[in-house]
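There are 2 protein chains.
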Amino acid sequence: MHEDFRAALGDIPVIDDEVGIKRKSRDFFWYSPILFEQLRDKTAELVVCPRDEKDVITVASACARYGVPLTPRGGGTGNYGQSMPFEGGIVLDMMGLDQLQWVKDGVARVQAGKLLYDLDQELWAQGKELRMFPSTKKTATIGGHICGGAGGLGSLTWGFLDDRGNVVGARIVTLEEEPRIIELRGNDTDLINRSFGTTGIVVELELPVENRTHWRDMIVAFDDFISAVQFAQEFTASPGIAKYACAVVDSTITPYFVHFAKVIPEGKPVVLLMVAPSGVIPTAEIAAGHSGTIVYEEDMAEGESNPAKEPVYEYCWNHTTLQVLKHDRSVTYIQTVFPSETMYRDIEALRELFGDEVLWHLEFIRAGSDIACTGASVVRYTTADRLEEVMSLHEKQGVTVVNPHVSNLEDGARDVVSYRDRAEFKLGIDPYGLLNPGKMRDYTPAKIRQAG
Amino acid sequence: MHEDFRAALGDIPVIDDEVGIKRKSRDFFWYSPILFEQLRDKTAELVVCPRDEKDVITVASACARYGVPLTPRGGGTGNYGQSMPFEGGIVLDMMGLDQLQWVKDGVARVQAGKLLYDLDQELWAQGKELRMFPSTKKTATIGGHICGGAGGLGSLTWGFLDDRGNVVGARIVTLEEEPRIIELRGNDTDLINRSFGTTGIVVELELPVENRTHWRDMIVAFDDFISAVQFAQEFTASPGIAKYACAVVDSTITPYFVHFAKVIPEGKPVVLLMVAPSGVIPTAEIAAGHSGTIVYEEDMAEGESNPAKEPVYEYCWNHTTLQVLKHDRSVTYIQTVFPSETMYRDIEALRELFGDEVLWHLEFIRAGSDIACTGASVVRYTTADRLEEVMSLHEKQGVTVVNPHVSNLEDGARDVVSYRDRAEFKLGIDPYGLLNPGKMRDYTPAKIRQAG
Numbered sequence: 004m005h006e007d008f009r010a011a012l013g014d015i016p017v018i019d020d021e022v023g024i025k026r027k028s029r030d031f032f033w034y035s036p037i038l039f040e041q042l043r044d045k046t047a048e049l050v051v052c053p054r055d056e057k058d059v060i061t062v063a064s065a066c067a068r069y070g071v072p073l074t075p076r077g078g079g080t081g082n083y084g085q086s087m088p089f090e091g092g093i094v095l096d097m098m099g100l101d102q103l104q105w106v107k108d109g110v111a112r113v114q115a116g117k118l119l120y121d122l123d124q125e126l127w128a129q130g131k132e133l134r135m136f137p138s139t140k141k142t143a144t145i146g147g148h149i150c151g152g153a154g155g156l157g158s159l160t161w162g163f164l165d166d167r168g169n170v171v172g173a174r175i176v177t178l179e180e181e182p183r184i185i186e187l188r189g190n191d192t193d194l195i196n197r198s199f200g201t202t203g204i205v206v207e208l209e210l211p212v213e214n215r216t217h218w219r220d221m222i223v224a225f226d227d228f229i230s231a232v233q234f235a236q237e238f239t240a241s242p243g244i245a246k247y248a249c250a251v252v253d254s255t256i257t258p259y260f261v262h263f264a265k266v267i268p269e270g271k272p273v274v275l276l277m278v279a280p281s282g283v284i285p286t287a288e289i290a291a292g293h294s295g296t297i298v299y300e301e302d303m304a305e306g307e308s309n310p311a312k313e314p315v316y317e318y319c320w321n322h323t324t325l326q327v328l329k330h331d332r333s334v335t336y337i338q339t340v341f342p343s344e345t346m347y348r349d350i351e352a353l354r355e356l357f358g359d360e361v362l363w364h365l366e367f368i369r370a371g372s373d374i375a376c377t378g379a380s381v382v383r384y385t386t387a388d389r390l391e392e393v394m395s396l397h398e399k400q401g402v403t404v405v406n407p408h409v410s411n412l413e414d415g416a417r418d419v420v421s422y423r424d425r426a427e428f429k430l431g432i433d434p435y436g437l438l439n440p441g442k443m444r445d446y447t448p449a450k451i452r453q454a455g
Numbered sequence: 004m005h006e007d008f009r010a011a012l013g014d015i016p017v018i019d020d021e022v023g024i025k026r027k028s029r030d031f032f033w034y035s036p037i038l039f040e041q042l043r044d045k046t047a048e049l050v051v052c053p054r055d056e057k058d059v060i061t062v063a064s065a066c067a068r069y070g071v072p073l074t075p076r077g078g079g080t081g082n083y084g085q086s087m088p089f090e091g092g093i094v095l096d097m098m099g100l101d102q103l104q105w106v107k108d109g110v111a112r113v114q115a116g117k118l119l120y121d122l123d124q125e126l127w128a129q130g131k132e133l134r135m136f137p138s139t140k141k142t143a144t145i146g147g148h149i150c151g152g153a154g155g156l157g158s159l160t161w162g163f164l165d166d167r168g169n170v171v172g173a174r175i176v177t178l179e180e181e182p183r184i185i186e187l188r189g190n191d192t193d194l195i196n197r198s199f200g201t202t203g204i205v206v207e208l209e210l211p212v213e214n215r216t217h218w219r220d221m222i223v224a225f226d227d228f229i230s231a232v233q234f235a236q237e238f239t240a241s242p243g244i245a246k247y248a249c250a251v252v253d254s255t256i257t258p259y260f261v262h263f264a265k266v267i268p269e270g271k272p273v274v275l276l277m278v279a280p281s282g283v284i285p286t287a288e289i290a291a292g293h294s295g296t297i298v299y300e301e302d303m304a305e306g307e308s309n310p311a312k313e314p315v316y317e318y319c320w321n322h323t324t325l326q327v328l329k330h331d332r333s334v335t336y337i338q339t340v341f342p343s344e345t346m347y348r349d350i351e352a353l354r355e356l357f358g359d360e361v362l363w364h365l366e367f368i369r370a371g372s373d374i375a376c377t378g379a380s381v382v383r384y385t386t387a388d389r390l391e392e393v394m395s396l397h398e399k400q401g402v403t404v405v406n407p408h409v410s411n412l413e414d415g416a417r418d419v420v421s422y423r424d425r426a427e428f429k430l431g432i433d434p435y436g437l438l439n440p441g442k443m444r445d446y447t448p449a450k451i452r453q454a455g
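Taken in order, these protein sequences are the chains called A and B.
To convert a position in the first sequence, counted from 1, into the working numbering, add 3.
To convert a position in the second sequence, counted from 1, into the working numbering, add 3.
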């Protein structure tokens, strides 16, 4: 790394010891044995820790002048190497930009590096809350969630982060000799949404915030998996129950939920819920209709903050897989979306087909006007070929697969998205292609210029 | 009316002058020329105005002892004669029971006769709001809405009043010599939901309340009706936009919207919206995609309370028809539900078929996991036979018709509901069949006893 580049950083804090650099060069990519092999040696040459936007501009300018790749990083909780530097250079640790700037008219403006847990605490103090957070709320940042995530807890009501209205605005720094500040509003925020930071260094975000609900964590146990799914479907299709999460977890996974060992009966699939207080009674009534038993109920904030307890959300979404991985490193996972018309038939057929190889986990979310049943099942890993086969057998059944074993934007997208707009935008703000290189599959500045 | 009955009422206020009795014996049944002919002569013999639950018990006991029919009444804003006394007797004017008792954990307990406008004002003072209210918010009561209504503003997010979770509890007084108090919880509140007061005198209700949103009233104008519907569908299918209302009103109706004459361009269909502040920009972006123009935007509370302004909700739901009726008494209306798969085809075919006879008005609501497009179109009335034909031609097209020209519970229900449970319950709490007689079509105590 060029000495002049180091000098250009001035007094901006850096991490330059090998262990520190390695730690900040990795995320949870090891969920995927495929990505583990592909990415295990990726590392930055230096980690730079800006304290404010001025520092970010200084770093961006230096990178442009010296041709140094820059990979922005939040909490490093991604699962696809989103914030891993594929071509060396620096990792830009954004966690120093951690101020909640203002809240008004249902919108909050916040610096990108703020921890989601801290952000929600500060919003709670104002009677507000986040619409969505990932299961890694305690360690992830808001910028990381929006640039590297998709949705999570809260998606049951609010859809995904790229649904219109879930991001109000974003402020980015360009990677040029003279970095510019660009404010994106409304639709234009799509340019940075799940971009892995390839389309600008996001320094601030405006997000809709809701009035705070004192969510109740609930766990409901069922006699069999299909009853649990039927309950979940009836629950999610009840508009009169305000809700934040609904995950169905099979009895093959619950033995790994050590914290809840005493409350979850052996051999019982469960549904994990976050429900508004006014919805607890109707939820119990729906459960009773499917022979479900409420085995746990707690205030979410209590579960989250009391060291003797754990919030249900740390057993949902990608944390479900993590709870298994804590005890058994031989598993991985797949992501799926079930067609609503044939959901039960597909689930039964695939359960029959895979037996013990797939440990079932479903998450219900809002998708457009409807509710969708998505899967994040744990898979006992043998070989890369077999994992491919497991995914293609799902597709053969008519189930959509969103492959979590790829590290570029295009292959991992939920939908077929045109990256043309993003690529053209990127050309203007990252003319040397230094922002998180390798993540936008088909992008090199020359290629886009030629096509343009 | 027996002198002893009058004496048994003690000092409970009554209205016994002819004009006063007639006024309290009617509702908005004259929306329907069919019901107008059927019900125009229905009248009570006396209006009794209890001040508290004790008074209600006194009246109920007297009615049981003297065999006097009792028809409970809130604001009298129903459209099907819900609170009109079909067999004389007394009208029980509930508006004296108007206390908000408490609000906690997202639930409010309130006396049934409280005006919705006053209730929302008091909830606002605590940072809360109602999930739903009818377009008659300023004159209707909470008890009347739940016992006589179905949904309204807010149903776009929360579904209908009979969706699980939208009523938490209800306290009723029975009609017996020794009236009992019964507290219904959860599912059991279905017994009084849209019961027209046939299954007990509802004196108190527990309802879920939400944290207050400062809703924005918006009116968006379009070049043609189908563009307006397409916008409405995209808007309602955007989970990231918090919303309370979405009505599509054709350019044949807007000339009757005198208050908005200056803002709605001639010949343009409009969509009336209530949107959270954070949703205004994405809503404008969706509108732009359908060549829509935002012609009006105002704070709902300002529109509601400023005498020079009017809230958009008084142009939605049954107020749309009322705005036309103010200027032209020759119209009536129909209620429909469009199948989502064939919605556009059905709308276009029916618009072609009816031409100027039907003035189009759609309301989008949440129905189960999905969004439904319902119709409340205005119809130029000629004869009862033709009105029947207009409804059956809708049915022939595959559109569900909910007939608003009938005055009993069963015929006017949205779905085929079993009234057996209600009838059995009624037998226990109204053994003489004196509660709002004539509204439960197949009910007489003898008939139910025989069947039982």
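For the record, the hints were derived by calculation from the structure and aren't laboratory data.
Among the hints, a few may not be true.
Intra- or inter-copy, both count: the list cannot distinguish identical chains.
Stated by the list, open to error - Capping the alpha-carbon separation at 30 Å, the derived lysine-lysine pairs in DSS-like fashion look like this:
hint	residue 1	residue 2
1	Lys141	Lys45
2	Lys107	Lys312
3	Lys399	Lys131
4	Lys329	Lys107
Being a predicted model, the structure only gives us computed values, none of them experimental.
Results for each hint:
1. In this assembly of identical chains, Lys141 and Lys45 lie within 30 Å of each other by CA distance solely inside one copy; the values are 26 Å within and 65 Å between copies.
2. In the homo-oligomer, the alpha carbons of Lys107 and Lys312 lie at most 30 Å apart only across protomers (25 Å), although the nearest pairing inside one protomer, at 33 Å, exceeds that limit.
3. Taking identical chains as interchangeable, the C-alpha atoms of Lys399 and Lys131 are never at most 30 Å apart, the minima being 44 Å within one chain and 49 Å between chains.
4. For the homomeric pair Lys329 and Lys107, neither the shortest alpha-carbon distance inside one copy (41 Å) nor that between copies (40 Å) is at most 30 Å.
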